[in-house]
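> Going down the list, the protein sequences come from chains P and C. Numbering-wise, the working numbering puts 210 at position 219 of the first sequence, and it's gapless, one number per residue. Every position in the second sequence, counted from 1, becomes a number in the working numbering once 23 is added.
Don't take each hint at face value.
Label-pair distances were calculated between CB atoms; the ranges are [as the list claims (entries may be wrong)]:
no., chain 1, residue 1, chain 2, residue 2, range
1, P, S134, C, A103, 45 to 51 Å
2, P, P212, C, L104, 29 to 35 Å
3, P, E184, C, R67, 53 to 59 Å
4, C, P92, P, A213, 36 to 42 Å
5, P, E165, C, L104, 25 to 31 Å
6, C, E140, P, S179, 54 to 60 Å
7, C, S118, P, V228, 17 to 23 Å
8, C, L96, P, D163, 24 to 30 Å
9, P, E184, C, T121, 21 to 27 Å
10, P, R176, C, A103, 19 to 25 Å
11, C, D93, P, E178, 24 to 30 Å
Simulated from the structure, these hints should not be mistaken for laboratory data. From the three backbone atoms N, C-alpha and C, an ideal C-beta is built for every residue, glycine too.
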Amino acid sequence: MTRRERPGPNSSRRLLLVAAICATPLPFGLHGDGGPPAFDPDRPTGLQAEVLGPSEVRLSWDEGKGGSETDFYFVYRDGEAIAVVDDDDNDGWTDRGLQPWTEYTWHVVAFDSRWRRSDPSDPVTARTDDGTPPGPPGMVTASTPDPFTVELSWGPADDPESGIDRYVVHRDDEKKGESEGLSWRDESVEPDEEYTYRVRAINGSGLAGDKTDPLVVLTPPAPDTTPPAAPIGLRVVRP
Amino acid sequence: MAGVLSALSITLLVGCVPEAPGGADDTVGPETPGPEARYSVQLRWLPPETDAEGQPLGDLEGFRVYYAPDSRLLMEEGGALAVGLEAEGVVTGLSAGTWQFAVTAIDTAGNESAASESVQVEVGAP
């Protein structure tokens, strides 16, 4: 399949058809609301959408299932015809220029050479990726309940499109942990050591935001577990 | 009268004194006055200068004096008396008989040293 915009021997006819379909209400109902009954070709099957990014979704459907009479397909996005695709090189078709983090629904209709249309395929719905990363989390604070533990907490980050999925904690520029909430416990620290923490947010589309400013934490010294030496020279004296 | 003098001389030998109720020298006093608890023992020792690993000791907080009639009971079931940084203490309220004493050092973190060598004292014996 190839996009119909590619120059070809029948391009003028197809462009006219596209213009007609796009400029006017659909000539007959997409969902059986009138129009001639669909005989040939068979309705397309196996329509799938693969999100390629914030503005692109790749559509594919079963090859050759439109029936032997199929000559080309119309692709509809949210009920509007957006492309004509030949049935001569079926490798799918990519919808471009979409809005980020937006849900779209596509379906496909097969046409034969006499422009008789099939029933519409089952629709497929997909949401484009979020195009912008989240903001940084709010101020990070730390406490050290004991020499072997650092407890971090931070303010929420913001992502108006896909929302915040999780937070990633970096210690000394190395990823140390993840949290779905606003706190995280580091139980792999040593006493009397300095550690630098930064936190970043990951949004619902997997994009990472900026890290927070570094927060330096000094753990308390190790507890004193060594007893004194025993007293010596114990003797009894007069009161 | 002769018996009192005899007891006094023995207690002086071992460094013990009977606690005469209401007496001029009774500055500590037995905790539970009674006919069997009327002697006190004053002890003195040398404080440690290092911790158990030989490092200089900078956090000594005090001492604990243990006492019991039997050395086998000394550290576990005997009495214990906490004292401050002065390397001496007075155990009061002892009945007449044989008593064992030992002392440990405590640091500010609450770590307690091993016990010193114990000493045995005959208290109030005729």
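> Confirm or reject each hint.
Hints, verified against the model:
Hint check: S134/P to A103/C, Cβ distance near 37 Å, so the stated range 45 to 51 Å is violated. Judged by the Cβ atoms, the range 29 to 35 Å given for P212/P and L104/C holds: they are separated by roughly 32 Å. For E184/P paired with R67/C, a C-beta distance near 44 Å fails the hint of 53 to 59 Å. One distance hint, 36 to 42 Å for the beta-carbon pair P92/C and A213/P, holds here, with the actual separation near 41 Å.
With their beta carbons about 54 Å apart, E165/P and L104/C fall outside the hinted range of 25 to 31 Å. For E140/C and S179/P, the Cβ-Cβ distance of about 44 Å falls outside the hinted range of 54 to 60 Å, so the restraint is violated. The hinted window of 17 to 23 Å between S118/C and V228/P holds, with their beta carbons roughly 21 Å apart. Roughly 55 Å separates the CB atoms of L96/C and D163/P, a value that falls outside the hinted 24 to 30 Å.
Taking the beta carbon of each, E184/P and T121/C are about 54 Å apart, not inside 21 to 27 Å as hinted. In this structure, R176/P and A103/C break the distance hint of 19 to 25 Å, their C-beta atoms being roughly 39 Å apart. A hinted range of 24 to 30 Å for the beta carbons of D93/C and E178/P is inconsistent with their spacing of about 47 Å.
Against the hints set out earlier in the document, violations occur for numbers 1, 3, 5, 6, 8, 9, 10 and 11.
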